[in-house]
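> Given these sequences and hints, build the entire structure.
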Amino acid sequence: MDKLFLLYGCTVQTTSRFVRNCLYLTIMDANAEQVEVKILFFAKARELTGLKECKIIVSRKLSYTELLNIIVASFHFENIRDTLILAVNEEFVSQDSILELSEKNEIAVIPPLSGGFFIVNMGTGKDFVRLEQKVLNIGDIVNLIVSPKCGAISTFIGTTRDNFENKKVIKLEYEAYEPMALKEMNNICGKVRSQWNIEHIAIYHRLGEVPVTEASVVIAVSSPHRQESLKAVEYAINTLKASVPIWKKEIYDIEEPKWKENKECTWSNSK
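In terms of the numbering used here, the sequence shown opens at residue 2 and continues consecutively.
Simulated from the structure, these hints should not be mistaken for lab results.
Quantities reported herein were computed from a predicted structural model and do not represent experimental measurements.
Ideal placement from N, C-alpha and C gives every residue a C-beta, glycine not left out.
It is possible that part of the hints are untrue.
Stated by the list, open to error - What follows is a set of in silico ranges between Cβ atoms, one per label pair, in the way DEER data are often shown:
1. Asn187 <-> Ser103: 23 to 29 Å
2. Asn144 <-> Leu231: 44 to 50 Å
3. Pro149 <-> Lys39: 46 to 52 Å
4. Asp163 <-> Lys53: 27 to 33 Å
5. Asp163 <-> Lys135: 17 to 23 Å
6. Ile81 <-> Asn198: 18 to 24 Å
7. Arg82 <-> Lys53: 27 to 33 Å
8. Arg82 <-> Ile58: 19 to 25 Å
9. His77 <-> Asp141: 19 to 25 Å
10. Phe165 <-> Gln96: 27 to 33 Å
11. Lys56 <-> Lys135: 32 to 38 Å
As the list claims (entries may be wrong) - Mimicking SDA-like on lysine to any residue, the simulated pairs with C-alpha atoms at most 20 Å apart in a straight line are:
12. Lys184 <-> Lys62
13. Lys242 <-> Pro180
14. Lys56 <-> Glu101
15. Lys242 <-> Asp83
16. Lys56 <-> Leu102
17. Lys232 <-> Asn187
18. Lys56 <-> Gln35
19. Lys105 <-> Leu87
20. Lys232 <-> Gly126
21. Lys261 <-> Asn187
22. Lys184 <-> Val89
23. Lys56 <-> Leu87
24. Lys62 <-> Glu101
25. Lys135 <-> Thr214
Dropping the structure here:
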């Protein structure tokens with residue numbers, strides 16, 4: 002199959018609101034139908050490119066591996082290739098997939114995870130899912146899930162500690178692919194309900210800077226009996242860290258900041 006090497010230019014909006022041009026190399030079938038798609042960058046990938054998003058031209062039909070190879074070559078991600086996966090339109094994609102893309106598609110480059118407001122009614126139960134830039138009010142979140150039908154409320158509260166491997170931590174910084182993160186958090190609620198008899202669920206995650214001792218994530222679950230809510234909370238935090246596109250950077254007093262990889266993340270190199 003003939004391959005065509007093309008150099009394209011694109012205009013993108015940067016975080017500082019200045020418009021800049023970027024150049025990138027794509028490799029595609031010379032005879033294939035082409036389509037322009039949007040690429041979104043997060044965490045380490047965003048820092049390496051200096052971009053939040055960019056548009057590239059690729060073959061309309063190609064494999065997941067071909068698309069990943071194009072993105073890696075175009076944006077010089079060779080050193081982190083094995084830590085990346087792709088999401089299309091806010092959904093994770095199987096690595097053996099054949100993709101058929103259109104101009105409406107958004108491709109998210111997802112590094113290993115660190116890790117809007119939705120209220121979903123599930124019969125009499127409710128799911129409260131939120132990403133917050135401000136301090137999480139733990140009491141208010143717990144009050145959301147109180148029910149006269151329930152004899153148990155279980156919580157998990159994740160806070161910023163002041164140390165990691167003999168380094169002094171001064172704060173954490175979180176960022177998220179927000180629409181997809183909210184969708185995945187709601188999916189977790191559905192999976193919890195499919196396994197345990199639960200009344201209400203709240204999953205709140207903070208974004209931006211989180212100083213030492215402040216909460217970054219609060220999960221609260223109410224149930225008729227304690228074992229169900231205890232198991233549900235443990236499942237929810239482990240699944241959140243494994244699948245929700247939220248990234249954490251540790252900021253130290255002296256050493257260089259570092260993006261963290263969760264051991265639960267299935268494509269992390271930290272295992």
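> Does the structure break any of the earlier hints, and which numbers would those be?
2, 6, 7, 9, 12 and 21
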